[in-house]
Each structure stands twice: as structure tokens, then as C-alpha cells.
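The task is simple: from the sequences and hints, build the whole structure.
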Amino acid sequence: MSTVALGNYEFAPKDVRQNFPAPLLYIGWEDHLLFCAPVCLPLPGETPFGALTGEVLPGVYGAHPDFARIDWSQVLWFKSGQPWQPDSTKSLQENGIGHKDVIRFRTPGLTGIGGSLS
Amino acid sequence: MDTRVSKKKLGLKDRYTAMTRGLHWDTTYQPMDKVFPYDTYEGIKIHDWDKWEDPFRLTMEAYWKYQGEKEKKLYAVIDAFAQNNGQLGISDARYVNALKLFIQGVTPLEYYAHRGFAHVGRQFTGAGARVAAQMQSVDELRHYQTETHAISHYNKYFNGMHHTSHWFDRVWYLSVPKSFFEDAYSSGPFEFLTAVSFSFEYVLTNLLFVPFMSGAAHNGDMSTVTFGFSAQSDESRHMTLGIECIKFMLEQDPDNLPIIQRWMDKWFWRGYRLLTLVAMMQDYMLPKRVMSWKEAWEMYAEGSGGALFKDLARYGIREPKGWKDACEGKDHISHQAWNTFYNYNAAAPFHTWVPDDEELAWLTEKYPETFDSLYRPRLQYLREQQAIGKRFYNNTLPMLCTTCQIPMCFTEPGDATKIAYRETEHLGDKYHFCSDHCKDIFAHEPEKYVQSWLPVHQIYQGNCFKPGTDPSQAGFDPLAAVMDYYEVKVGEDNFDFEGSQDQKNFNEWRGDDGLGEDE
Amino acid sequence: MSNVFIAFQSNEDSRPIIEAILADNPHAVSVHSPGLIKIDAPDELCIKRATIEEIIGRRYDLQEIHVSLVTLSGYIDEDDDQFTLSWKH
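Chains as they are written, first to last, in this note's numbering: chain A, 11 to 128; chain B, 2 to 520; chain C, 2 to 90.
Worth double-checking, as some hints may not be accurate.
[Unchecked claim] Here are the in silico distance ranges between beta carbons for each label pair:
no., chain 1, residue 1, chain 2, residue 2, range
1, B, Asp373, C, Asn12, 39 to 49 Å
2, A, Lys100, B, Asp416, 31 to 41 Å
3, A, Thr121, B, Ala444, 27 to 37 Å
4, B, Asp416, A, Thr99, 28 to 38 Å
5, B, Pro38, C, Asp41, 37 to 47 Å
[What the hints assert, rightly or not] Once the Cα atoms are required to be at most 30 Å apart in a straight line, the calculated DSSO-like pairs of lysine-lysine come out as:
no., chain 1, residue 1, chain 2, residue 2
6, B, Lys52, B, Lys248
7, A, Lys89, B, Lys322
8, B, Lys10, C, Lys89
9, C, Lys89, B, Lys14
10, B, Lys367, C, Lys39
11, A, Lys24, B, Lys419
12, A, Lys24, B, Lys322
13, A, Lys24, B, Lys467
14, B, Lys331, C, Lys39
15, C, Lys89, B, Lys248
16, B, Lys449, A, Lys89
17, B, Lys325, A, Lys89
18, B, Lys248, C, Lys39
19, B, Lys449, A, Lys24
20, B, Lys10, B, Lys66
21, B, Lys66, C, Lys39
22, C, Lys39, B, Lys311
23, C, Lys89, B, Lys46
24, B, Lys66, C, Lys49
25, B, Lys9, C, Lys49
26, B, Lys440, A, Lys24
27, C, Lys49, B, Lys52
Calculated from the structure, these hints are not laboratory results. In this text, all values refer to a predicted model and were calculated from it rather than measured experimentally. Idealized CB from N, CA, C, for every residue including glycine.
This is how it looks when you write it as C-alpha cells:
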């Protein structure tokens, strides 16, 4: 389907990979709606997945009382909504993560503020 | 009474016809379609412009005369409000944040509407439609001016209103109204009327105006109320233009139906998403509350809208595709939006706060099925955190929907515990959306939305710093640099209402005891 | 059968208009809220210049109602002598 226009209607997409210093990754923590929405971060493809969980996510989600209780061995991961098993020893890129991918994680048993999923 | 000796003159309908049709001509030196190049490219077929029924008939003389009188009366009220220090009569200073949202996010749209109607007022081949659009263009400029004038009084006393034109082009949440209107006015003239005159100014208008104006009335802001009444009478003409345009297009050619239906689907949804800001204002920002967003939606959308689409069914029009999801959202979007601004208040030039116990009780009463299970626990938690000096601010930028540009705070229809994620691929890149309907809008015109200026992405591209900023410098603080680019006064315009200059000043002026109070 | 309505600011200018409407439209019902008077009528509502002139004792241009008008619902049919709202198109 194409935009109906007078003449040629074609413009460079604003958010292609080369416009950013690093690929964008979207991350959401299921059942923790205290954080109003998933977040967006530019993360170099060489970042080890373990550094994501060990260094990046604490800065993003550490304020939540549930965060300190996360057992990372029990966490369920999803990529584009589908179950996914990342290898924490490999990089984001080696795990198949590309520009503007979206991943989510669920922490079984941790159900937010007073169990309200916030 | 003396017998009137009336001079022979044209009747109203004839005067109006003389001004519009009588001053029109079909060009011969240049072909009509060269003089009016935008009139047919959208695929809307018009066979007979004579069938256009003027929605109202104000000649220029009548227009200037009566609008001029309205202006004099309105400005007299604004002046009296200023002279009497009317700002001291508002319920409490938190109310002013509703006005900040209005002047930042709504008033600029009046100016965009002025531009948009000026454009279509030149482009229709039908003289009646041109004149109606031109008059609306003048009305919209009037609204921009009168809103600015009315709210400028508050700007003398409160923060968050002093730089709105600059903010509109830069600040993250203002890309929501900005992109909405730029989508409309970069469309063709018939789509523009369907988007603005019909979908926004007919179907959804009461959901914008009534919350703000009755909110103003209940919170002691008679200046804004008077502006509201004064503008609404212009709006009544705008509404009639909207419905006339739709019926005219539908009656001209059955081939127009699928185009119009698609536009209605798109613009109902885009308008609904834009109204998220109003929903939040209505449920959270009015110290003296009027009705809930849910109640307003039931009255003005489900009630009036329902009747409207029944009426249009005889043309083959059905209710907009997103109607059911919009109705489902009435229990949730205000709470989701408030949480978004609470999260990101460090970057927004108005204040947020946790509602007090009386307000929480009102919310429980208005949202009996959802508030206590889903939203109250986190608000109480946020209050507790604030009390121990740990007021929560989200320090990571959010994911935005490519179409509506709102942070992805909306949940699955039917399950308010799950954020709704939708995605698609276009020419090798991924795009993300908050809903099926934003995704469908993208799918139909991807060439438009790949151009979305998404604030979060633009920040990461380095486009939201002042010239000369060096991100590679040691100790670089990206948030501070962005706030500098925004020209938001950190510590004055932003952060929580508790402890703000607005709060301190207002308490002093009113002679209230300056300790943080619960009202 | 659907209602049409018209709403005016509550002030001295609109007072004779409201009176005229209620006199000429027996099925019309008026409701007051802060600063506003709203009149609902089933199917049709007609404002007549002659009735207003009777009430105020001077010549009246029917388009003067725009100064106090707030909002309305229905299709407009107007000339120099009457302003009618209805759902007839």
C-alpha cells in the first residue's frame, strides 16, 4: 500500500541503524507496570548479554523492591513476544539481537507492588 | 412602534450566495485543475459542487461585527480577572498544571488548524467550502490568540507556561499533538476536513472542551470558562462544517465511501489517542473534580457518537474500527497516562503528584472494577517512597509508538496487566506500535510514518542538544543537556508539585500555612 | 426522534432569546448550569426574529445570537427572519 500523494512521496526513514551510535534495543519487564512503558537503549552489539542483566538493568529497574530478589536463572525471556533463550556468555549480536529488536523478561513469583503487577 | 420603511435588500441566503457563488468563477486563462491542483488527487469524486449546503451563512460584514463584539466582551472578562487577582481564587495551585498542559499541547494546535484551514480554503473548487474553511482559519487564529491571552495572566505567577512555542517543537510528549496535526495538514483537503472538521471537531470535540471548561468552572477559573464559552460558539460552526463535508462527499459518489471509511478509522483512532492527555487531566489534575474520563466517554462518545454512526449507516458507514478498543480503554488510559508523566516528570515542564486520600477515594468510586486492584497500590507506594525522600523518577527513556508517539504505556484490550506490543517490518527495519490500530495506520501509509520524529530516538541520535554540545566530554549529563535544549528551567518548571515554587508561592499569596498540606 | 439543542451564555443579551425560544417552541426544555443555559427540543427548534423584537422593543438582527451562543446540535436553516435547528438535511 502506498501513500496517496501528488508526485513522488519517498523520504529517508529517520530511524535507520546508521543514524544511531549503537543499535537500539527495547526492553520490558513483564508484570511491573510501575515502570510505565518498556524502555529504549542504544547498546553496542558486542555488549555481552550478561552485562545487560548485570550492569545495565540494575540502573534501569533497580529502584523497584522486586529487582534485588530476581533469580536470573529462573527468568523467562521473550523476543518479539516469543519465548527465547539468550546465552549470557555471548554478545547481544551473537544472540541474534539487531537494531530495534524488542525483548521482555518475566520474573516468576515476583508480582510487583503488593501483587498488583506494578 | 412606527411602521418600518424597509429598504429593498437581499435576504440572508441571497446575500450569502452573492458573496460566495457570485464571486466565484471557473478559470479560463489557465485550466481549473492547474489552478486547483489538490482537489482531485485523493480520489474523492465530486460531480456537482452546487449540492454543497452551506453549513452556516455569515457574510464578512456579519462575521467581523459579531466576532468583534465577542472579543470585546471576552477581553473585558480577562482584564477583570487580572485586575481582581483571579488567580488567587482557584481551588489550589495544582489546578494550574491543567492550564499548562492546555497552553503547551492544545493552543499550538489552534495555530496549526489556522494554517491548515487557510490551505484548504484555497484548494477546494467549491466556493462554499472555500469560504467556510477561510472563516474557520480566522476562527482558529482567534482561538490561538485568546487562549494565549487568557493564560498569559497565569504565566505572570506560575511556572511552565513561558516558552510554549519552543517546547512544542522539541519536548517529548508534545510530539504527540504536533505529529497528529502535521499528519492532518500534510494530507489532502478532503482528508483534512475528515480528520479535523469531522473526526475531531464533530465526533470528539466535547471530549476536549467539556473536561477543560467544566474543570475550569469547578476550580474557580472564570477566565478560562469565559474563553471556553466564547470559543465554543465558533466550534458550533466548525461542527456543522464537519458533518456537511462528510455527507456531501458520501452523497456525491458511492466510490467515495471506502476512502472516507478508512479516513474515519484512522482519524478516530488518532484523535482518541491524542485525548489520552485530556483523560489524565480530567482524572488527576483537577483538585475539584467534575466527572471522570470514563463518565465523559460514556456520555459524549458512546452516547452521542453512537447516535451519529447510526445516522450515517444509511450511507454504508460503520463505526470506526477502533471503537470497541477505545471504549475498553475508558477504564485505564487516564491512570496509565498519569503514571507516564509521574515517571518522567523530571523531563516535563509541569508538575505531577500523588493524589491525596480523598482523591484516591473518588477514583475508587469512579473506577470500581479496576482502581483498587491495579492503580491504587502503586500510587500509595509512590507516596510512601516520596515520604522517605525517594520520590521515584524513571531515569531511562521509554519506548514510543511510531504512529501516535506516546510511550508504550497502553495495555492489551481485555487485560490491563499486560503492555500491548505490536510490530512490523518495512524495507528491512522494525517498527513498533501500541495497538493494532496504530499499526494499521502505519501499514496503510508507511512512507508517512517512517518520517516520524520520535523524541527518544532523536535524543539518541544526538539531535536534541544545543549547538556546540560535546557528548564525549567527561561528566557529560545527557538529561541536563536535553533539558538545556528544551530550555526548561530545571527545578522550576519540572519535578513534583510538592516543594515546587508554584506551591510555595501560592501558599504565601493565599496566606495559607506554608507547611505541605493535604487538601 | 432525536433532540436538537442550543446553548447560550447566561447573560442579559441571551435572556430575550431564551424567552423567545421557550415561547415559540412549547416542547423545548431549558436547563441552567454555571454560566450556561441549554435548551433541548425534540426534532426541531425555531428562533424567530419577530418574537425577540416584541420582547426587547427594538429591531433585532437574528445573527446577533452569535454573540452569546455557546454551542448547538442539528442542521441550521436560517434567513433574516428565522433560525431553525432540525435533523432534516
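Hints, verified against the model:
1. B:Asp373 / C:Asn12: 39 to 49 Å: Distance hint for Asp373 (chain B), Asn12 (chain C) holds at roughly 44 Å.
2. A:Lys100 / B:Asp416: 31 to 41 Å: At roughly 33 Å between Cβ atoms, Asp416 (chain B) and Lys100 (chain A) fall inside 31 to 41 Å, so the hint holds.
3. A:Thr121 / B:Ala444: 27 to 37 Å: 35 Å, holds
4. B:Asp416 / A:Thr99: 28 to 38 Å: With Cβ atoms ~35 Å apart, the hint holds.
5. B:Pro38 / C:Asp41: 37 to 47 Å: The hint (37 to 47 Å, Cβ to Cβ) holds, given that Pro38 (chain B) and Asp41 (chain C) are roughly 45 Å apart.
6. B:Lys52 / B:Lys248: Holds, because 11 Å separates the two Cα atoms, which is no more than 30 Å.
7. A:Lys89 / B:Lys322: Holds, at roughly 28 Å.
8. B:Lys10 / C:Lys89: 28 Å, holds
9. C:Lys89 / B:Lys14: Holds, at roughly 18 Å.
10. B:Lys367 / C:Lys39: Since the Cα atoms of Lys367 (chain B) and Lys39 (chain C) sit roughly 26 Å apart, the hinted pair holds (cutoff 30 Å).
11. A:Lys24 / B:Lys419: 29 Å, holds
12. A:Lys24 / B:Lys322: 29 Å, holds
13. A:Lys24 / B:Lys467: 20 Å, holds
14. B:Lys331 / C:Lys39: 27 Å, holds
15. C:Lys89 / B:Lys248: 12 Å, holds
16. B:Lys449 / A:Lys89: The given pair, whose Cα atoms are some 27 Å apart, holds under the 30 Å limit.
17. B:Lys325 / A:Lys89: 29 Å, holds
18. B:Lys248 / C:Lys39: Distance of about 27 Å is within 30 Å: holds.
19. B:Lys449 / A:Lys24: Satisfied, since the Cα-Cα distance of roughly 11 Å is no more than 30 Å.
20. B:Lys10 / B:Lys66: 19 Å, holds
21. B:Lys66 / C:Lys39: Roughly 25 Å separates the two Cα atoms, so the pair holds.
22. C:Lys39 / B:Lys311: Satisfied, since the Cα-Cα distance of roughly 24 Å is no more than 30 Å.
23. C:Lys89 / B:Lys46: 24 Å, holds
24. B:Lys66 / C:Lys49: 21 Å, holds
25. B:Lys9 / C:Lys49: The hint holds at about 21 Å.
26. B:Lys440 / A:Lys24: 17 Å, holds
27. C:Lys49 / B:Lys52: Distance ~27 Å between Lys49 (chain C) and Lys52 (chain B) Cα, so the pair holds.
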